[in-house]
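A.B. asks: The listed protein sequences derive, respectively, from chains A and B.
Heads up, the first sequence is in the UniProt record's numbering, so the first residue is 1 and it goes up one at a time.
Heads up, the second sequence is in the UniProt record's numbering, so the first residue is 1 and it goes up one at a time.
It is possible that part of the hints are untrue.
Put simply, identical chains are the same to the list, so a pair is met inside one copy or across any two.
[Claimed, not checked] Derived lysine to aspartate or glutamate pairs resembling EDC-like cross-links, with alpha carbons at most 20 Å apart: (1) K113 to D130; (2) K2 to E54; (3) K125 to E52; (4) K55 to E82; (5) K213 to E196; (6) K254 to E167; (7) K22 to D107.
Keep in mind the hints are simulated off the structure, nothing from the lab.
2 protein chains.
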Amino acid sequence: MKMRRSSRIVAITKFLSDKPYKLISLNQFTERFDAAKSTISEDLAIIKDVFEQEKMGKIETVSGAAGGVRFIPYKGNKDIRETIINLCNQLSDPDRILAGGYVYMTDLIFDPKLMSEIGEIFATKFADLDAEYIITMETKGIPIALMTARALNLPLVSIRKDSKVTEGSVVSINYITGSSKKIETMSLSRRALPEESKVIIIDDFMKAGGTAKGMLDLMGEFKAEVLDIGVLIKTANPTQKLVDDYTSLAVLEKINEEEEEIIVDPSDWVINL
Amino acid sequence: MKMRRSSRIVAITKFLSDKPYKLISLNQFTERFDAAKSTISEDLAIIKDVFEQEKMGKIETVSGAAGGVRFIPYKGNKDIRETIINLCNQLSDPDRILAGGYVYMTDLIFDPKLMSEIGEIFATKFADLDAEYIITMETKGIPIALMTARALNLPLVSIRKDSKVTEGSVVSINYITGSSKKIETMSLSRRALPEESKVIIIDDFMKAGGTAKGMLDLMGEFKAEVLDIGVLIKTANPTQKLVDDYTSLAVLEKINEEEEEIIVDPSDWVINL
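Just chain A, same shape as in the assembly (with noise of 0.2 Å):
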């Protein structure tokens, strides 16, 4: 359908920022809109602008006979910071204090806009890593991993912490929640994840690691190559980990349920951005 530049302009705008890293060459462009091909390219440079100085994200021209142009979610330093801080602040609310010291964030943790957004902060970090897969574990990790898989259009893999008859053969193992010292297991079906797959593990929350140690000891049973280790929230104590190479975009600082105090900061990674 023949179209004037600023209605084109919508259509392809709204196309592309649905489809997050999905390729998509000029000629399905120019015929679904019966324009020529030089037309299109001045579009998509419209467009490429604007994204660019509206911190709206990248529109990446891959070139040859296989090429096309997508969107890649991208979010700006300050978008990141501005993101980080203000959950921090919701988070350092003493009404979330529960009994035991723990810190209620079951609601921020479901809401689709914010996590919307940690997706992408997340994807932005990870974004030059060409991962395949994106693994999480049941049930707080799949939010934020669902969101971070669709910025980076890759599918998500949830380890379960039980093994279910619905899911074929699976991969079990047994490991030591680094806090409690518990035994548990997860386990993951065998066809759920190819084997040497290169993958992404994201997450909640890190205390001592034992959950995040035992994710990285089943990726080794499949063995999946692990790129990076994404944390939403990690807690200042312990400062040595169970894991070495994480990025968390949060830390718990601390605690007090007497004095109903809790301090939560935007991690180094964050602040150094």
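Dock chain B against chain A, hints included.
C.D. replies: Below, chain B without anything else, positioned relative to chain A:
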């Protein structure tokens, strides 16, 4: 910042479509782009026309002092049918049959792109109900429910299969799974859902409806009004479920382990669109 129309239109399109159901005042655009209200209104009229014509969703204008404009994700009937038929074809692959007559569908349930489309389908179906929360039950319900919540700009509340210490005081109920007649527990934190909320339940699978019935009962404990139930796939048998009112998108008609046959069809609701 002063911009040309085509550039402004890129930015407004991206801005609106990133924030489904969020009402944006025209002032926000006039200030950001240093443009007159009439100019922004013309931009919006172009965007609105293209969205309608290309079935990319609706742009809704709310007049008055507290007014503004918002993007409403909306899938056309043809798109809905295509998505569901494609899903049914994938599910009908005999390789998905697991020992015991189960179907492997975890990969699809955790596919961010597919779930984001399914979320928009449920958002289209439930657009006029004025719900306040989306409710689901861990684990496999979460991706669909999160994407539905995202498309409707609502918070997601996830019921747990046990009660966790990190959620504060919880309400638990026992329920009987309709098919295997086992007694299970589900629970929800008191602070996760205010009393007398208007909610929509979203889940991945319904066999006898025992879990859905349990969720209805649990919602009763919170004095919540359940406006509707959406499930991705129901089984054809038993025909009589433990809940009466629900919408499913696909029907698992038959699994024959020996003949390696599995049949999944679009639901009546999809066929009659």
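A.B. asks: Now, for every hint given, state plainly whether the structure supports it.
C.D. replies: Right, here's what the structure says about each hint:
1. In this assembly of identical chains, the alpha carbons of K113 and D130 lie at most 20 Å apart only when taken from different copies (18 Å versus 25 Å within one copy).
2. In this homomeric assembly, K2 and E54 come within 20 Å of each other (Cα to Cα) only across copies, at 12 Å, whereas the closest approach inside a single copy is 28 Å.
3. Taking CA atoms no more than 20 Å apart as the test, K125 paired with E52 passes inside one copy only; the shortest distance there is 17 Å, against 36 Å between copies.
4. Taking the shortest Cα distances, K55 and E82 sit within 20 Å of each other inside one copy (14 Å), while across copies they are farther apart (34 Å).
5. In this homomeric assembly, K213 and E196 come within 20 Å of each other (Cα to Cα) only inside a single copy, at 18 Å, whereas the closest approach across copies is 42 Å.
6. Proximity of K254 to E167 under the C-alpha cut-off of 20 Å is restricted to the inter-copy arrangement: shortest distance 18 Å between copies versus 40 Å within a copy.
7. Only between protomers do K22 and D107 lie at most 20 Å apart by alpha-carbon distance; the minimum there is 19 Å, versus 31 Å within a single protomer.
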